[in-house]
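K.L.:
Turn these sequences into a full structure, and let the hints steer you where they fit.
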Amino acid sequence: MKLNRRAFIGTGVAAAAALQAPMVWSQGRPRVVVVGGGAGGATVARYLAKDSQGQIDVTLVEPTRHYYTCFFSNLYIGGFRDIASIGHSYGKLAAEYGINVVHDWAVGVDRDAKTVTLAGGAALPYDRLVLSPGIDFVDGSVPGWDVSAQHKMPHAYKAGSQSELLKAQIEAMPQGGRFAMIAPPNPYRCPPGPYERISMVAHLLTQVNPTAKILLVDPKEKFSKQGLFEEGWAKHYPGMIERIGPDFGGDKVEVRPDAMEVVIDGTVEKVDACNVIPGQKAGRICEMAGITDGNWAPVNGYNMQSRVDGNIYVLGDATAQGDMPKSGYSANSQAKVAAMAIRGELMGSSVFPAKYSNTCWSLIAPEDGVKVGAAYEPTDEKIASVSSFVSQTGEDAALRKQTYEESLGWYAGITTDMFG
Amino acid sequence: MIRRMLNVLLAGFLLGGAGAAQAELLGDAARGETLFRDCASCHQVGAGAKNRVGPHLNDIFGRRAASAGDDYRYSKGLVRMGADGLVWNFETLNAYIDNPKALVSDTRMAYRGMKDETDRADLLAYLRGFSASPANIPESQPTARASEVELSPETLAIVGDKAYGEYLSSECLTCHQRSGSNEGIPGIVSWPVEDFVIAMHAYKRQIRPHPVMQMMAGRLSDEEIAALAAYFADLE
Ligand SMILES: Cc1cc2nc3c(=O)[nH]c(=O)nc-3n(C[C@H](O)[C@H](O)[C@H](O)COP(=O)(O)OP(=O)(O)OC[C@H]3O[C@@H](n4cnc5c(N)ncnc54)[C@H](O)[C@@H]3O)c2cc1C
Chain A
3 MKLNRRAFIG
13 TGVAAAAALQ
23 APMVWSQGRP
33 RVVVVGGGAG
43 GATVARYLAK
53 DSQGQIDVTL
63 VEPTRHYYTC
73 FFSNLYIGGF
83 RDIASIGHSY
93 GKLAAEYGIN
103 VVHDWAVGVD
113 RDAKTVTLAG
123 GAALPYDRLV
133 LSPGIDFVDG
143 SVPGWDVSAQ
153 HKMPHAYKAG
163 SQSELLKAQI
173 EAMPQGGRFA
183 MIAPPNPYRC
193 PPGPYERISM
203 VAHLLTQVNP
213 TAKILLVDPK
223 EKFSKQGLFE
233 EGWAKHYPGM
243 IERIGPDFGG
253 DKVEVRPDAM
263 EVVIDGTVEK
273 VDACNVIPGQ
283 KAGRICEMAG
293 ITDGNWAPVN
303 GYNMQSRVDG
313 NIYVLGDATA
323 QGDMPKSGYS
333 ANSQAKVAAM
343 AIRGELMGSS
353 VFPAKYSNTC
363 WSLIAPEDGV
373 KVGAAYEPTD
383 EKIASVSSFV
393 SQTGEDAALR
403 KQTYEESLGW
413 YAGITTDMFG
Chain B
3 MIRRMLNVLL
13 AGFLLGGAGA
23 AQAELLGDAA
33 RGETLFRDCA
43 SCHQVGAGAK
53 NRVGPHLNDI
63 FGRRAASAGD
73 DYRYSKGLVR
83 MGADGLVWNF
93 ETLNAYIDNP
103 KALVSDTRMA
113 YRGMKDETDR
123 ADLLAYLRGF
133 SASPANIPES
143 QPTARASEVE
153 LSPETLAIVG
163 DKAYGEYLSS
173 ECLTCHQRSG
183 SNEGIPGIVS
193 WPVEDFVIAM
203 HAYKRQIRPH
213 PVMQMMAGRL
223 SDEEIAALAA
233 YFADLE
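Protein sequence lines, in the order shown, are assigned to chains A and B.
All you need for our numbering is the position in the first sequence, starting with 1, plus 2.
All you need for our numbering is the position in the second sequence, starting with 1, plus 2.
Quick caveat, the hints were computed from the structure, so don't treat them as lab data.
Since the structure is predicted, the reported quantities are computational estimates derived from the model, not experimental observations.
Any given hint could be a false lead.
Some residues of chain A that are not near chain B, with every Cβ distance over 10 Å (derived) [claimed, not checked]:
no. : residue
1   : Pro145
2   : Pro187
3   : Arg245
4   : Ser352
Keeping only pairs whose Cα atoms sit at most 20 Å apart, straight-line, the calculated SDA-like set for lysine to any residue is [stated by the list, open to error]:
no. : chain 1 : residue 1 : chain 2 : residue 2
5   : A       : Lys224    : A       : Glu407
6   : A       : Lys403    : B       : Pro213
7   : B       : Lys117    : A       : Glu407
8   : A       : Lys403    : B       : Arg114
Beyond 12 Å from chain A on every Cβ pair, some chain B residues (computed) [said to hold, decoys possible]:
no. : residue
9   : Ala31
10  : Ala32
11  : Leu37
12  : Val81
13  : Ile99
14  : Ala112
15  : Ala134
16  : Ala165
17  : Arg221
Quick reminder that beta carbons are idealized off the backbone N, C-alpha and C, glycines included.
P.N.:
Okay, structure coming up:
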């Protein structure tokens, strides 16, 4: 056998732990508490429980009983999925993997005592803590908007009732009415997400309200898969979508939810439905745990360990890690590296060098799918992109259809990988 | 529904003994040979053909479904249909190749279907040449092709470390399901080790086209590919 494990042990800092004897746990099994049951949290909990064969006591804290994936929530808006098909429960993680699923909010972390406090009052002790709380919104990011206005101008950037509300408001628009989206500044979850949403709203409108118009107000010069989206919009939805970038005041926007007005660089526009996607930051529990630097929680790219506290790992959207986009695929990929590193620390199991990857599929119109992806490796400073690809403009319909079908396979695959 | 239709077709064939009529349906075998290239990454046919990712296709005409040998693991659905009496002939193969999942919903064949009727007729004319009667299997022209990539015997001889393969596999499992499901993303469990290794090297060298797979395979070492092959080969 040519494989020499020792040769690659030592390439990552996490590997050092594997050489030490496993620690001795005075209270029986080592305890890992995971906060957030989304793409990062559900995956890490499942891999820890599965790969330690029950030798690690895993608790998953998640307030909702049904997790609605943001991925494919745009397809729900477009009418390609029903809402139930993007909802997932935690039953298998509890019943088949022995994970202690606690439906509650984490409201505090005592890093010295190594406990997590829950809204219900309990304090959960941990040997290692994993935070994967996703995003919260930056206060004042869009003047005139805060979460108290999210029923009038939904963000739909956490899926579920917000997605249903946005879809209902679009369907209720008067014939020939106008839909607006305020796109977020970088960095934010799912770089192609707002533009896939524009595509899906356009598709919905061509079905129910073909003379309606879409106004996309964007603070960014450029956006993900721009060439592909713009080609698709010209082809499938000609004349429907207008984008106002920063050169025309797309970065100077204010909203008036009560009046259903959007003010762009001083010009008032009346709209019939409005999707405000504000600027984002790490889920608030990261700030409460004192592990953020600015808006995000910095992590060590070799193992996803917090740079502030070695007993805490952070996954997914909440992290500042380098080049990986904030996506479900990324969070899932990071979770597997963290699960391996944590098992190495707690059980002395083998630790292999981290490999990360991401692919984001987007749907532009029926059977017109595109994708972008990259592979990543850790360096001392960050997780760095090592190779990438993107769909090309002008691809034939058969390839686009295949790409769409592939995304359906991916969705089934990743949700099985998260929830069992 | 489709299955019922097939049974009708099947019954018709058995009763009518469609021999001559069937020959007329067959197309251009030379063109079929070219079309078979798409199939050849999984199926072998001709002298020396063996069960690989897919079963060998010698004597496929007249063969009962799911009966290419004990060393091949079929989907449950195909086994059931074989037991129910499904026999491969022009009509049944034509329907299967047109849309595999419509006929056998859980088939492990990750093929989306050949939509053009002439293509199917040509392909079947080619395959017909490897079924015993009337033509004998041509001994001189094995189409059990040399693999897509030339790999050194040392590379092929690497024994994969399954524990390492298990960790590496977690990256594959974001898309490819452990259950072997084939929806949109092909199943990769229980492949012969060598086929897995060859396929991954074909992606790594960009002979196979898929960009995600080229990226994934592109950064795997020979040992890592062997580790993954060893791990996935033994998954049930
Ligand atoms: C419209 C849209 C489309 C997208 N499309 C794609 C796509 O096609 N592909 C892709 O890969 N990604 C996509 N994404 C991105 C993807 O949804 C996120 O990147 C991913 O969910 C991040 O995972 P996470 O674990 O960091 O956070 P989340 O999945 O958001 O999970 C966080 C969980 O933590 C819980 N939580 C938060 N705070 C606490 C607390 N204090 N206590 C307990 N629990 C808490 C929340 O309830 C939530 O369930 C899309 C996003 C959007 C908005």
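K.L.:
Taking the earlier hints as the rules, which of them does this structure contradict?
P.N.:
4, 5, 14, 16, 17
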